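A.B. asks: Chains as they are written, first to last, in my numbering: chain A, 1 to 317; chain B, 1 to 317; chain C, 1 to 317; chain D, 1 to 317.
You may find that some hints are simply not true.
[To be verified] Partial list, computed: chain C residues near chain A (C-beta under 10 angstroms):
(1) Tyr53
(2) Val117
(3) Tyr119
(4) His121
(5) Ala145
(6) Ser148
(7) Gly149
If you're looking for bench data, these hints aren't it; they were derived computationally from the structure.
Quantities reported herein were computed from a predicted structural model and do not represent experimental measurements.
We put the CB at the ideal spot given by N, CA and C, even for glycine.
There are 4 protein chains.
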Amino acid sequence: MIQFSKQPRKIAGNVQTSELGFGRKVMTDGRMMNADGTFNVERESMGSWDNLYHQLITMRWGYFFLLVFCCFIVLNAVFAVLYCLLGIEHLGGVQPGNWAENFANAYFFSSQTLTTVGYGHISPQGLVTSILASIESFAGLLAFALISGLLYGRFSRPKAKIVFSENMLIAPYSSGRGLMFRMGNASKSELVEAEVQMMIALNQRDEMGNVLRNYYPLALEINKIAFFNMSWTLVHALDERSPINGFSEQELAEANTEVMVLVKAVEETNQQTVHARRSYTTDDFVWNARFGPVISRNRKGQPQVLLRQIGSFELVG
Amino acid sequence: MIQFSKQPRKIAGNVQTSELGFGRKVMTDGRMMNADGTFNVERESMGSWDNLYHQLITMRWGYFFLLVFCCFIVLNAVFAVLYCLLGIEHLGGVQPGNWAENFANAYFFSSQTLTTVGYGHISPQGLVTSILASIESFAGLLAFALISGLLYGRFSRPKAKIVFSENMLIAPYSSGRGLMFRMGNASKSELVEAEVQMMIALNQRDEMGNVLRNYYPLALEINKIAFFNMSWTLVHALDERSPINGFSEQELAEANTEVMVLVKAVEETNQQTVHARRSYTTDDFVWNARFGPVISRNRKGQPQVLLRQIGSFELVG
Amino acid sequence: MIQFSKQPRKIAGNVQTSELGFGRKVMTDGRMMNADGTFNVERESMGSWDNLYHQLITMRWGYFFLLVFCCFIVLNAVFAVLYCLLGIEHLGGVQPGNWAENFANAYFFSSQTLTTVGYGHISPQGLVTSILASIESFAGLLAFALISGLLYGRFSRPKAKIVFSENMLIAPYSSGRGLMFRMGNASKSELVEAEVQMMIALNQRDEMGNVLRNYYPLALEINKIAFFNMSWTLVHALDERSPINGFSEQELAEANTEVMVLVKAVEETNQQTVHARRSYTTDDFVWNARFGPVISRNRKGQPQVLLRQIGSFELVG
Amino acid sequence: MIQFSKQPRKIAGNVQTSELGFGRKVMTDGRMMNADGTFNVERESMGSWDNLYHQLITMRWGYFFLLVFCCFIVLNAVFAVLYCLLGIEHLGGVQPGNWAENFANAYFFSSQTLTTVGYGHISPQGLVTSILASIESFAGLLAFALISGLLYGRFSRPKAKIVFSENMLIAPYSSGRGLMFRMGNASKSELVEAEVQMMIALNQRDEMGNVLRNYYPLALEINKIAFFNMSWTLVHALDERSPINGFSEQELAEANTEVMVLVKAVEETNQQTVHARRSYTTDDFVWNARFGPVISRNRKGQPQVLLRQIGSFELVG
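Chain A extracted, bound-state conformation (with noise of 0.2 angstroms):
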């Protein structure tokens, strides 16, 4: 049986369930967030051109390189049977053979057109094949238009490359105790106007014993700096003034739990905002820890940070 600790306390500033944009009564299991900052929603695919340019942007390099070269055999290998179907004596330069043997010369007639290669040692003659000969170079300059712009639109999208340590740890902080993380830029482009927001997500009972999911903010001690260059560590107070002060580990585990951090700054190659999330859940708690060093100095004696050290961390006490 579900148990919830804690009633809901009166904050000042609290951030209202309807005031994030998710619903008071879904979710009160399960998270709202994946780890990696997706949001574990599903909305019903209404298929357009523009989804699909989404999704063109944002896979993968390999699949996106498989997926254009795909593209390319498959458009060949219709235009190729479109010309077999023709007759292949109308491709100069083809000597009839079998139907395997006319397909290839078809295939690679089509190939030479689509990428307007265009040797000419196979060329279209007659009107309808010269028309669809026509069409293909046509076709291809189109595709390969199109594939500009995708890889541009790929270059140019913003990214923040923000690696975050995998576990949040509640350690002795000032004269009580802090929950905290640590981040770095993993990406060469430098990160100013860094700006992090902190959100907790916890079920309670109200008065008349419903559960319901309350969401709070979590105040940080530093939430802005100026340049993110170096690692930064984000502290909570666990203090009189936290909403989950005095709250036990086997009681956030009962509430569900689920701490949402959301990271803004600008990158300054090409002077975009970006946006990073991570979302931690009881099980990425640490109690009693502390980060371990994660700046050391290089051989010309400058201060190096070592990203892969982030999550690093030692137990005390």
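On the provided structure of chain A, position chains B, C and D as indicated by the hints.
C.D. replies: Same frame as chain A, but now just chains B, C and D:
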């Protein structure tokens, strides 16, 4: 005869007509904004390349490709005619025939030059034909550079794909009534930092009995959310602070009421600010109705937004 | 001899000369800004690629295409000369002739290589000519990639096409007089969130009798509108809060008065912030005049903005 | 032995070290920022395509074209080797010779395929060679689509070309002294809404005698201008509100003083926000000097900014 049931009222934060950019004397009939958010205004045409660009960027994909294809055909044909006029004998590899055959051959040569496929089984001979072919291949490359630019411009144009409920509902809300509509994000790309403004336009008589078109803001219970990834129902409470508090269905119709909705959000894939607008007239109002459910669970237990049901409602009491 | 009729006055919110970025001692003669909004200042040239880009992006379309075409001709010709120098006998398919025939053939081969049309009736033979042809086809592709980029840069450059009235009118306004101008959006793309600032520059004598160029803001009755889709008349009331209250026509002329107008808006198709500027001198002032009508109805009953009449005015009493 | 002449002082609006994003314990030796505004920090490499893009976009034009040309040569050669391995007899039109001749012919065929020039005097024969040629022409088009995207990315990257004076001057200012530098816009594109922040980093001892690196903002007389089209001299008054009021030349040097300058402006051609940074150490300070004249008149009587003299100064009394 047109009736205007109410005198203008003093509202704190009243949007001045002129501050909207609409005239106060124009348009006491008709609507300011079409249902899809475009303005019901014509601007005298001052033909320019920029407007051409605007149209090429905003026209539908089907029309765009059709237009590009037609341009390709026409450009091809124009050069073909020029090659014929210069003499078909200057196209090496072509057997002179009747004018139709000559035009067809010239057309295919033209197409092979424009797309730079250049098989070479037809090739230019003589000075003038060679010069023309040189210019055509240059024009071809330029044209495809233009198309590349246009395609990318179309891809990357900031757009919000927001679906709105077809109707505005007037339904019981809190201890009184509310005017409400619902919307959802139909794009795969997330919208964040969404913000909504609602305004009403009414014909009213001033103390002198003149008909004026007055504009008022309609306060929303919540007008900003951090994540717009579910559906969002926006509510204007029809209480004593509302400029249309106490208006009957007939009074609203007589005042030629128009409710305008302005949405602003950040589209996350390209980090662009996007706008959407919607306008409702009293024909779109449904009294005593409530929006039906729009969120279900999918097989994986995730909340699922049923965008096709965004406008579904049921009558109450 | 130059007269300055008035002492500088203390204005709340006075724009300090230095805060505009103009010197207080420079330019007591001449104007700061040309009528079209460009600055009347020269910056010593520090030649760089970025400035080249700036010029290629901002030059007129006709010049741009002419320039690109000339580059094409010149590049073609340079390679043609190189092919001739390497020996016309290395271009297979060409009958050696006199130098003009050789150059023509080399030029056509060059053009076929640069555009990658490559018919093949002329083809490179021998090592050095083949290497040169390889480099030329590479250069051609690179050049057309550059042109694609420039074309898109030209298309997508944020621009406001705002038409301003040719004159500033000084007309009866409210219980006194107002200084006014009118403007309209000449682009098909909507402008939203438009905002205007108006400033005046005057030569004035300080207490020591030195001539200073002073800058003041001119308050506008309305300086922000939500939608700029009709015409917009901007009015500065010449009342006791105005820095030029009570100035006569002659006094304004003697003070070498310049009124600068800064417009800022969001262009909706690309969601870009755009700026426009306009400067008026006393030569552009018309006293005792009122703007004529600019909005009519089209056949469909929609309001229609007659942009060509944006500057039309009639003299009054 | 290192001396720190002053205790930290309490300054209203003191920039906390951590709010800048720099550590308070790191870097009491060395500087935080290099003279050109890049950070003196290394981030451990986490190889990714985005970083590759970043480098391709930010490298110098000469290197960029050299790199692209080398890639072209290498890709050509790799395919040439493959054609040789498949057998030179599969390249129709080539006379088999020794390996060098074969490689040269294969290389030229490869180049004609990659650039899609495809003269056709050499053409692929046989299944495998034809397939390879098809793949190569596809790869060529993809590569040039990539280059188009990179070129546009390089063109359109937001950049400010601001020239700074080489030195910071400490000169008589008002009734006391001021710390000043001068800068100018070296781009043809106008900069508007320019804003400057100045910060100082000092080594100081706290009450316990520990060496800390403290950061303070340096207030500027004017830190915002509407138009940055002339030169701009920025002045920090060394009065009682200054954190370095009363510091001697030697004390500043001993404290390993670094003054950082952050400029932010809107570049008008592309309406992009651009940043520039500059860092000065005490080696760049000149005491008792004043900037020389930088504005003259050109032949047309327009003010002319002499950017090459932006750093010129003369010693005073």
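A.B. asks: For every hint, state whether the structure bears it out.
C.D. replies: Hints versus structure:
no. : hint   : verdict
1   : Tyr53  : violated, 16 angstroms
2   : Val117 : holds, 8 angstroms
3   : Tyr119 : holds, 7 angstroms
4   : His121 : holds, 9 angstroms
5   : Ala145 : holds, 9 angstroms
6   : Ser148 : holds, 7 angstroms
7   : Gly149 : holds, 9 angstroms
In summary, the structure is inconsistent with hint 1 from the numbered list given earlier, while agreeing with all the others.
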